[in-house]
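Undergrad: Sequence:
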Amino acid sequence: MKIAIIDYGAGNVQSVLFALERLGFKGIVTNDWNTIKKADKVIFPGVGEASSAMKMLVDSGLDVLIPTLKQPVLGICLGMQLMCKHSEEGNTNGLGIFDVNVVKFSQEVKVPQMGWNTIYNLKSPLFEGIKENEFMYLVHSYYATLFENTIATTNYEHEYSTALQRDNFFGVQFHPEKSGIFGEQILKNFLNL
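Convert by adding 3 to the 1-based position in the sequence shown; the result is the number in the numbering used here.
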């Protein structure tokens, strides 16, 4: 199986590579259009700030390519947020794959949310073998609100989308590569789609 990990200068690609290796898979880190288009699965990771990350996508033309992909695509953390319509972080227009806005937690709670939290209302084959209220690892200050493409929910200050799906596009706010055996199960489920 060919697994492309999108390289756009914003991401913890090394930990994603290591997680794939633990599962017996090999990923290739690339920003080459043909390699990404020909991959069986595409992972779109991200750690960083939305406006500068989006600029890197635009500069490389990946903002045009990603929404046209037909194979399963998994956005992780900032990758998921960039797949949304708009982010308050840097007043950034995203890829618009998910018709939802990304907003900041209020000052009423500690920001970023950092550590383990539960996911529930699981609604996708992505969560095969995962029980309701399983713990996942999160680090983020911004979140996607709940809407029709929400496939998992988390509560921090209030409920928000911790996973999204539309057609072949999936997004998770948590880090499956850092969430132990259950996170690895989600990665395995994605690779088996």
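Check the hints yourself; a few may be wrong.
[Stated by the list, open to error] Below, simulated EDC-like cross-link-like pairs (lysine to aspartate or glutamate); rule was C-alpha separation at most 16 Å, straight line:
id	residue 1	residue 2
1	Lys-181	Glu-52
2	Lys-126	Glu-151
3	Lys-126	Asp-170
4	Lys-107	Glu-187
5	Lys-191	Glu-131
6	Lys-107	Glu-91
7	Lys-73	Glu-24
8	Lys-5	Glu-24
9	Lys-88	Asp-102
10	Lys-191	Glu-24
11	Lys-29	Asp-43
12	Lys-29	Asp-170
13	Lys-73	Asp-170
14	Lys-88	Glu-151
15	Lys-107	Glu-52
16	Lys-191	Glu-52
17	Lys-107	Glu-160
18	Lys-134	Glu-187
19	Lys-58	Glu-111
[Said to hold, decoys possible] Using C-beta positions, here's what the derived DEER-type ranges look like:
id	residue 1	residue 2	range
20	Leu-26	Glu-111	24 to 30 Å
21	Phe-21	Pro-128	23 to 29 Å
22	Glu-91	Met-4	34 to 40 Å
23	Val-142	Glu-111	14 to 20 Å
24	Glu-160	Leu-196	27 to 33 Å
25	Lys-41	Val-112	42 to 48 Å
26	Phe-138	Trp-36	34 to 40 Å
27	Glu-151	Asp-62	30 to 36 Å
28	Asn-37	Phe-150	39 to 45 Å
29	Phe-150	Pro-115	31 to 37 Å
30	Asp-35	Phe-138	35 to 41 Å
31	Asn-195	Asn-37	33 to 39 Å
32	Asp-170	Phe-138	25 to 31 Å
Read the hints as simulated data drawn from the structure, not as lab findings.
Glycine included, every Cβ here is placed at the ideal spot set by N, Cα and C.
Undergrad: Would you mind marking each hint as holding or not holding in the structure?
TA: Status of the hints after comparison with the structure:
no.: 1; hint: Lys-181 x Glu-52; result: violated (20 Å)
no.: 2; hint: Lys-126 x Glu-151; result: holds (11 Å)
no.: 3; hint: Lys-126 x Asp-170; result: holds (13 Å)
no.: 4; hint: Lys-107 x Glu-187; result: violated (28 Å)
no.: 5; hint: Lys-191 x Glu-131; result: holds (10 Å)
no.: 6; hint: Lys-107 x Glu-91; result: holds (7 Å)
no.: 7; hint: Lys-73 x Glu-24; result: violated (24 Å)
no.: 8; hint: Lys-5 x Glu-24; result: holds (13 Å)
no.: 9; hint: Lys-88 x Asp-102; result: holds (5 Å)
no.: 10; hint: Lys-191 x Glu-24; result: holds (11 Å)
no.: 11; hint: Lys-29 x Asp-43; result: holds (12 Å)
no.: 12; hint: Lys-29 x Asp-170; result: violated (25 Å)
no.: 13; hint: Lys-73 x Asp-170; result: holds (9 Å)
no.: 14; hint: Lys-88 x Glu-151; result: holds (14 Å)
no.: 15; hint: Lys-107 x Glu-52; result: holds (13 Å)
no.: 16; hint: Lys-191 x Glu-52; result: violated (28 Å)
no.: 17; hint: Lys-107 x Glu-160; result: holds (11 Å)
no.: 18; hint: Lys-134 x Glu-187; result: holds (14 Å)
no.: 19; hint: Lys-58 x Glu-111; result: violated (31 Å)
no.: 20; hint: Leu-26 x Glu-111: 24 to 30 Å; result: violated (39 Å)
no.: 21; hint: Phe-21 x Pro-128: 23 to 29 Å; result: holds (24 Å)
no.: 22; hint: Glu-91 x Met-4: 34 to 40 Å; result: holds (37 Å)
no.: 23; hint: Val-142 x Glu-111: 14 to 20 Å; result: holds (19 Å)
no.: 24; hint: Glu-160 x Leu-196: 27 to 33 Å; result: holds (32 Å)
no.: 25; hint: Lys-41 x Val-112: 42 to 48 Å; result: holds (43 Å)
no.: 26; hint: Phe-138 x Trp-36: 34 to 40 Å; result: holds (37 Å)
no.: 27; hint: Glu-151 x Asp-62: 30 to 36 Å; result: holds (32 Å)
no.: 28; hint: Asn-37 x Phe-150: 39 to 45 Å; result: violated (34 Å)
no.: 29; hint: Phe-150 x Pro-115: 31 to 37 Å; result: violated (22 Å)
no.: 30; hint: Asp-35 x Phe-138: 35 to 41 Å; result: holds (36 Å)
no.: 31; hint: Asn-195 x Asn-37: 33 to 39 Å; result: violated (25 Å)
no.: 32; hint: Asp-170 x Phe-138: 25 to 31 Å; result: holds (28 Å)
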